[in-house]
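> So the protein sequences, as listed, match chains A and B. Residue numbering for the first sequence follows our numbering, beginning at 8 and increasing consecutively. Residue numbering for the second sequence follows our numbering, beginning at 8 and increasing consecutively.
Watch out, some of these pointers could steer you wrong.
Said to hold, decoys possible - Facing chain A, from chain B, some residues (calculated, C-beta under 8 Å): (1) 29; (2) 38; (3) 187.
As the list claims (entries may be wrong) - Anything over 10 Å on all C-beta distances counts as not near chain B; from chain A, calculated: (4) 134; (5) 314; (6) 374; (7) 417.
Hints are computed from structural coordinates only; laboratory data are not their basis. Every residue, glycine too, gets a C-beta built ideally from N, C-alpha and C.
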Amino acid sequence: MGKTIIEKLWENHVVHREEGKPDLLYIDLHLVHEVTSPQAFSGLRLKNRSVRRPDRTFATMDHNVPTVNRFNITDPIANNQMETLRNNCEEFGITLADINSPEQGIVHVIGPELGLTQPGMTIVCGDSHTSTHGAFGSLAFGIGTSEVEHVLATQTLWQSKPRTLKVQIDGELGQGVLAKDVILYVLSKYGVNFGTGHIIEFCGNVIRQMSMEERMTVCNMSIEGGAKAGLIAPDDTTIEYLRGRKYAPADAELEALAEKWKALASDEDAQYNKEVYIDGSEIAPMVSWGTNPGQTAPVTGRIPYLSECTSENDQRAVESALAYMGLSEGQNISDIKVQKVFIGSCTNSRLEDLRMAAEVAKGQKVHEDVQAIVVPGSQKVKMMAEQEGLHKIFLDAGFEWRESGCSMCLSMNADIVPAGEHCASTSNRNFEGRQGSGARTHLVSPAMAAAAAVNGCFVDVRRMTGAEAVH
Amino acid sequence: MAGLTTFRGKAAGMDRVNVDTDQIIPKQFLKRIEKTGFGQYLFYDWRFKQDGSPNPDFELNRPENEGVSILVANENFGCGSSREHAPWALLDYGFKVIIAPSFADIFHQNCLKNGMLPVVLKEQEIKYLLDKTKNQSHELTVSIESKTVTDADGFSASFEIHPYWQNMLMNGWDEIELTLQMEDSIKKYEESVQ
Ligand code: SF4
C-alpha cells in the first residue's frame, strides 16, 4: 500500500523507535520568539545544558513589539522579554532577527520569506500557528515551552504518530473568494474539532492553483480545526517560491532537491484515516460571527437560530458566543457594524494579502466610525509594499500604516480593541478577549477587511466596484 | 518533579465547552519570564470582576471549591494557543489532574510534560462528575497506576494513558535527561542525512 506525504515525512525523521514509546523525531528547523522561550533557556541554564544545533535554530521578536514606533517599548515586561531573548541568543549562539533587523517580522512570515522553511523538513516553534510552514510540504507544528527546551537541548522530540486526514478541495473558486474564505468555510462546515489528533493534507485543484502565500493562509488555520498540523505537497509553485531566498538552496542543489521533494507527494493508493471533500465553487466570502473560528457564515448569510443547533453543547456555545458578541440569533451578517479593522497577522500579512486589501481600498475612504490599521508581517513585506506604493493607497484612504509584528492578532502590545467594539480582523482567532478584554473579533479575508473599513459594516466584496481585480 | 502514583483530592466542576487557553490564562499575563506565579491569573477574566474583586458566580470562587486539586471540565478543554502558561497556571493554582471528555492536542501534551495528568473519560462519566461537583464538595481518587478514577459513592471509571507517560509521571522523570542518553542514535541519524 502507498504512503501519504505525512507518513513519508514522519518516517524520514525517526531517530529512534521502540515498542510502547512515542517515536523520537529529528527536528530540522526550530524557530524561536520572545514569549515562549525564556523559561526554556533558563531551564537549560539551570541544568548546565547547551543548545545542540544553534545552526538549526533561528529567533525573532514579534509577539509584543510595538507597531507605531518599534524602538519605543514602553511596557517594561515586554522589554524584559525581548532583552532576555537577545541575551539568550547571544549566550547560546543563535541567529536573531532583532528588532532593528531588516529581517525582523512575525516568525511564520519570515521563516518562508528567508528560505529557512523548506519542503521535507520537520519544523517546530513555540507557537500554534507553526502549521503555516506546512504549505511547503513540511511537517510543521506548534510546541509548548517544555518542548522548546527539549528541542534546544536535543534537536529531537518524542512524538506519537497522529492520524491522517485528507481535505480535498476541487472545483473553481468564485471571484473575490480568497484562501482565507476557503479555510473559514472548512471550519464553518466541520467545526473546530474535526482535525483533533490528525495531521491534515490539503489537496485538490483549488489548492494546486493557489500561490504559496495563499497556501500558507490555509495551512496557518489548520490548527483552528484542532489538527496538529496541515500541509500541502510541494510542487513547481513551491520550488519557484524558494528560488533566490537567502537560506534556500540554489542552482544545481535546488534542482536536485526539487525532484526529491516532489517525490514526497502522497502515493496514488495511499490511505487516510479520514477524508473530506469540498466543492470550492460553493464558497462565498466568509465572516465569523462567534467566539470560535467555526462559528462563521457567508457574508450573504445570517447567524443561525438556536433552534438550528445540532446538539445541546452546540446550542450553549452559540448562546454564550452571541452574548459575548452582542449579536442575536438569525441576524444578517451584513447588519454587523465594525469600529476597528486589522489587516495583519501570520494568516494574512504577506505582500499578496496587502495587495488584495489595497485593491479594495484604492480611491476609497475609511468610514468615519472606523479605525483601520495595516500591519505588514515583516520588515521585508513592509519594504516591498512601500516599493509598490501600497502604503500610499492605504494612507490616502485613511488606514494607518504600521511596523511589522503580531500586533492586534493577540494584542500583547498597545494595539487593542476596546471592550464592546467589533473588529474586522484578518487574523486567525476570534476567542473571547483575544484582541482585548471584551473585544469582538470577526475573522475575514484581507479584501473583506478592507471593504468593512470603507463601509463601516460587512459587505460582500464581490459587489464592490473594482472588486473584479480581486481574484 | 516528584513521582505520582495515586492522587486523592477535591474536585471542582467546570461545565463549559471549548475552554481555550486564552481563558485559562489571558495573554496580558504571559510576559513573565519565570514558570511560577501564574496561578493568581488563572481564569482571570472569569474569576475577577472588572474592578478586580472576585466574581462570586465563578465556579472556582464558590466556597465548596476551596483547595481543589482536580478539575472536571467539558469538551475540547485547552483549545487555542499552545501557551504552556495554561498548564503552569493550573498547576500553580493547585490542580494536579484535569478530567474532560476531550482535550486539545497541544494542551494535553503540555499537561503531561509538566507532571499534570489529563484524564479522558466518557461523556456519561463526565456528566456524573459534573453533577457530583455541582454546588458541593466532592472527593476523587485518581490512580495513575491502575488508570482509574473512583469516588466514595462507588463510581469507578478507567482511562487510557500511554505507558511512556504513565512511567514518566509515576517516576517524576525529566524527559530531556532520558533523551540525552540517546545521543548515539541522534548522532547516527544526523550522519545518515548529511
Ligand atoms: S500573528 Fe498571531 S497567530 Fe501569528 S504568531 Fe503572531 S500572535 Fe501567533
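> The structure should be examined with respect to each hint, and the outcome stated for every one.
Going down the list of hints, with the structure as the test:
no., hint, verdict
1, 29, "holds (5 Å)"
2, 38, "holds (4 Å)"
3, 187, "holds (6 Å)"
4, 134, "violated (6 Å)"
5, 314, "holds (19 Å)"
6, 374, "holds (28 Å)"
7, 417, "violated (5 Å)"
Figure legend: structure checked against the earlier numbered hints; hints not met, in rising order: 4 and 7.
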